[in-house]
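J.: Position chain D against the provided structure of chain W, taking the given hints into account.
There are 2 protein chains.
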Amino acid sequence: SVNPDLASERQTASFCVEKLTALLDGGAEQTRIRRAVVEAIQSDPVFSRENQYFETQNERYEAAVRKAVHLQKKMHEMGWTENGPEYKYIYRALSGDIAFLLHRVFMRSISVLGSDKQIAKWIPLATQLQLIGSYAQTELGHGTYLQGLETTAVFDIATQEFILNTPKISAMKWWPGDMGRSATHTVVFAQLYIHGKCYGIHPFIVQIRSLQDHSLCPGITAGDIGPKMNFEAIDNGYLMLKNVHIPRENMLSKFCEVRPDGTYVRQGSQKINYFTMTALRISLISDEVLTPLMKACTIAIRYSVVRRQSKLKPGEQEAKILDYQTQQEKLLPQLAAAYAFHFINHYLQELFDGGYREIQRKNFDMLPELHALSSGFKAVITHHCTAAVEICLRACGGHGYSLLSGLPSLYTKILASCIYEGENTILLLQTARFLIKCFMAASAGQPVPPSVTYLAAVKAGKCPAKNKSDFLSPDIYTEAYQHVALRLISSTAAKLQDLIQSGAKKYDAWNQCTVQLVQAAKAHCHYITVKNFAETVEKLETKAGIQRIMKHLCDLFALHGIFSNTGAFLHDGYISAAQMDMVTASYLDLLSVIRKDAVPLVDAFDFTDKSLNSALGSYDGQVYQRLYEWAQKSPTNKMSPAYEKYLKPLLHNTLSKL
Amino acid sequence: SVNPDLASERQTASFCVEKLTALLDGGAEQTRIRRAVVEAIQSDPVFSRENQYFETQNERYEAAVRKAVHLQKKMHEMGWTENGPEYKYIYRALSGDIAFLLHRVFMRSISVLGSDKQIAKWIPLATQLQLIGSYAQTELGHGTYLQGLETTAVFDIATQEFILNTPKISAMKWWPGDMGRSATHTVVFAQLYIHGKCYGIHPFIVQIRSLQDHSLCPGITAGDIGPKMNFEAIDNGYLMLKNVHIPRENMLSKFCEVRPDGTYVRQGSQKINYFTMTALRISLISDEVLTPLMKACTIAIRYSVVRRQSKLKPGEQEAKILDYQTQQEKLLPQLAAAYAFHFINHYLQELFDGGYREIQRKNFDMLPELHALSSGFKAVITHHCTAAVEICLRACGGHGYSLLSGLPSLYTKILASCIYEGENTILLLQTARFLIKCFMAASAGQPVPPSVTYLAAVKAGKCPAKNKSDFLSPDIYTEAYQHVALRLISSTAAKLQDLIQSGAKKYDAWNQCTVQLVQAAKAHCHYITVKNFAETVEKLETKAGIQRIMKHLCDLFALHGIFSNTGAFLHDGYISAAQMDMVTASYLDLLSVIRKDAVPLVDAFDFTDKSLNSALGSYDGQVYQRLYEWAQKSPTNKMSPAYEKYLKPLLHNTLSKL
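These protein sequence lines map, in sequence, to chains W and D.
So for the first sequence, the UniProt record's numbering puts the first residue at 1; every next one is plus one.
So for the second sequence, the UniProt record's numbering puts the first residue at 1; every next one is plus one.
Chain W with its partners taken away, still in its complex shape (with noise of 0.2 Å):
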């Protein structure tokens, strides 16, 4: 039975929930397929997460082997393959705890930088699981910056073998996963040496451990790198290498080779491979930043609506606490954000597979616009939806606290989306420097790519708002937000020329602005994210009440940005302090609009209970309930192991005391 309190909130909704889940999924044959998968994932038994919050790192490593293991099995059972429609759902329903996910980036490092004889060696083998790879980069000492990493590769000519080498503690793998435990291979990434001459980073496969016993091979020193702040499932390792030897063939070999006379040659292009690594911070959104948010929102949304403390009218019942404006201050827009960002996402994904299509026609046009969009954009958005995520954690009080409230793990899982595949404030950077360039070249009247073309239009202008109903206008919000990114990158780029010009090194001046760059950089993502928002909901069909509810969304999150940041908006003058109070009695007005349909907001994004795996998130909103039954499930809850030894001693005598 459904909690009445929750039930009521479903019962008003001003749209169709099952046509906006359609909606989000593509279609409603998506929406079949999806829940296809998710039914035959979470209706097997080996799957289960039900555990999960009560295992150790030990138990959770083991269990995310066995369903990787088992994975394989069901994919066959169901007639599932990679290429299939139903593949990119597989993941999603299994939310995240499987093992052997740097063993597909092993089989890709092969597939994208392998040459054809690598290739019909390694990925047979691989794909059977036949051998466990890993992907070796990042070194204790060196992460981003890959120029830097310290691992040799010396060709020998004498053997034709390479000899591997981590010179010095720094130079130590560290964090790749699959590799502290299960891997038998690894892509090592080093520098290559040929006649004492540094060639740069290159990928070698160098087998690890032994295939007979699994015992570490010869050389080769490896581990677990101990406990993080989630992904217990995962065994990140250490690799130290000792005059490891590897033959002349495992250096992957598709864009360069050593010969057998120790001759370096290079060949074709790598902006392919390049375009590939820009495109996997774009893949990663979807699952491992966009569901994790939903999710949150769903679990808070709902606990909201269950949740009763304190009276809001005086002789009432105490009130629902999503009745308050602080918790729906705290909340909706939030909820709002996971559909910008889905739609955002949406829009880069249809962005890179037109660039891929072009790049395969020999058209690199496209690629720094393309790098530029791709890190600013995992950047903004791993960040607003980290935020977010501990938001809603901290907006279920107590109860969120709880582990089996499910918000810790998707906060401590999501937070890590912030440094891995480029740390946010770097790639910021990155796409500051593409600002800059652009910025330039529009002044002096050259051409830029399409999503900077604003950047030549300096107008000084005003915002034209007379009363805060034209504050839901998106085009007045969205000429706020391009008006301000367009003054943070100009003023920013006149800093900068500044400095270079009253005689600072570039290097130096580009340092002093880089807190400066990072605002511009966001702004410029803030203010594309809020145009495609609002440029979706226009596009969208009118009826059964998904574009007016879309509508408010859009409104309210740009609302919400200026109302949060609103220095940037006022400086100079472009909304002054009138319009500013419009802004925000506007944005307190949607709130409660919103509210009324928080719910079915939410049930649209579709997560089954045992997806969420939230004692507070659960559909039937009996929250009491599931805590006090899961918690009893716990493997604290057994006599104190601190009894015989430490407090049977002190208590065997109070009795007589009392």
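Keep in mind that the hints were calculated from the coordinates and are not lab data.
Where hints are given, some of them may not hold.
As the list claims (entries may be wrong) - Pair ranges (Cβ atoms, derived):
#1 W/Gly461 to D/Val458: 32 to 38 Å
#2 D/Pro641 to W/Ser1: 40 to 46 Å
#3 W/Val46 to D/Gly196: 55 to 61 Å
Just so we're clear, the structure is a prediction, and the values are computed from it rather than from any experiment.
We put the beta carbon where it would ideally sit given N, CA and C, even for glycine.
T.: The following block gives chain D in isolation, referenced to the frame of chain W:
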């Protein structure tokens, strides 16, 4: 040997680190006492935390009990008493992983709420740990709003007993520490009923476990609530009561008593008790909030001068990451905040000590102000410090994400401080209610408490700063903060009145203003923090370079607050756009000034390596060595537990195919 990259940072300190440590401690003698306590605790292997990051919840709990029992012995050995000067350093030296903290709250409740007879009966036993107490207030469905608690205690004249029940699942006690597995007794808060009439919430001593074998008493269901985001060492528990009979004498009866005939008698003033609860919020700031932030700053800043990444200047070696402006902008404001909050905490402690003296003289005039200050500052400081610890964590990239950095545990623990002892939003609204009331009084020419006299002096004015160095004048920025606080309070008061005048119900109008009321309360606390920091700096001795560096930190704290919230200052033009550019310039200049002293400024916090328990933060800066050595000890560094069952069957035939 100290990492030379860290050693060089210490050689150029502009001030005497030891003198600053003494200032933070409140004198060199205090430093000496603190160090002696730290040394005694940390040299005792029973108190070791070295394996903490590897332990399960069960192991953490058991260790915490062991430490609590051992501490009693240790205190006796060392001659430390609860009233001695060492006492306040013990908990900090232990870094929190110790049981029986709620047992202390149990004792305090009896001391404060119990009759002399009750104190005489229970306190000696509790002091000797001959019983273990807890404090059962919060229920599954009820937190902040105490009147909503559902547990009942019905007086039965016939038997002279109270009969306690948790009539619904939402009435189940939930969260009390030490209750899940350890406690034999607890103070239960329940609605008192006599002859069918409800007299509201009262405290009752209830035995929950047998003193003979620790089994649950009749009518009691209790256990552990399971895994949380942190506090693994604590057995937060649940408790259901089904017709549990306790003698009449077990109602704590200093202020209220039930006579044998069922007469309810109220005696004395509960205001001292009320004050004690208010003061609790301030007392937790030092150990639970400031210490974690200071640790996080120490870890992140030391790491940032040891970690080198990318090149700042072409041709040079990779740069220390603290030399990047963006890294400075992440960490140095958090360092400044640690000092700012240290000084405001000192101010609040003194204020509350004074308040306590007044209240003992039956002068309760200060109570509303103290309540408002304790609520607001608890919320503002916990919120700010939690965000700051998170920034420190993220600023350390991948290594910050390892539990071995110490940062994840600091973060997941400090986060709880935003929720416990009053959820922050609710507390800020209590402060706001006080501010609105005072603003109305001040507007009507009535006297107001000292901390809010500025509300009487509405000045139009503009910020008089003419160049960027003017923003290094405490008068200039303190005035700006005051202006913003006053503007937000007065404009929200006006909105509130407008709503009421246009017919809104009072409670509804209040709810519609709460987002802005929260902003106003924060601005008030921020203003007082800045003002107090500036006044503290003013009074410091000028020698040894301490005042100079504290002045820089005060400026940084103040300007960071403006830079991060420009809209509040720009809104009515108090600070103009041109002036805001000066703020930005001054702020960014300060970063490179303070960067030079960053390591000495964290060294002054004087944490030992054992206190930090961090591979990144150790005094010698041998980060990579420590990460590697420590990771090797992880229980995950054994043969893969998945090998025999899952990996071997996959791999056993591969050799023949390669």
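J.: If a hint holds in the structure, say so; if it doesn't, say that too.
T.: Hint-by-hint comparison with the structure:
Distance hint check: the CB atoms of W/Gly461 and D/Val458 are about 34 Å apart, consistent with the given range 32 to 38 Å. The hint said 40 to 46 Å for the Cβ distance between D/Pro641 and W/Ser1, and at roughly 41 Å that hint holds. Checked against the hint of 55 to 61 Å, the C-beta distance between W/Val46 and D/Gly196 comes to roughly 56 Å, which is consistent with it.
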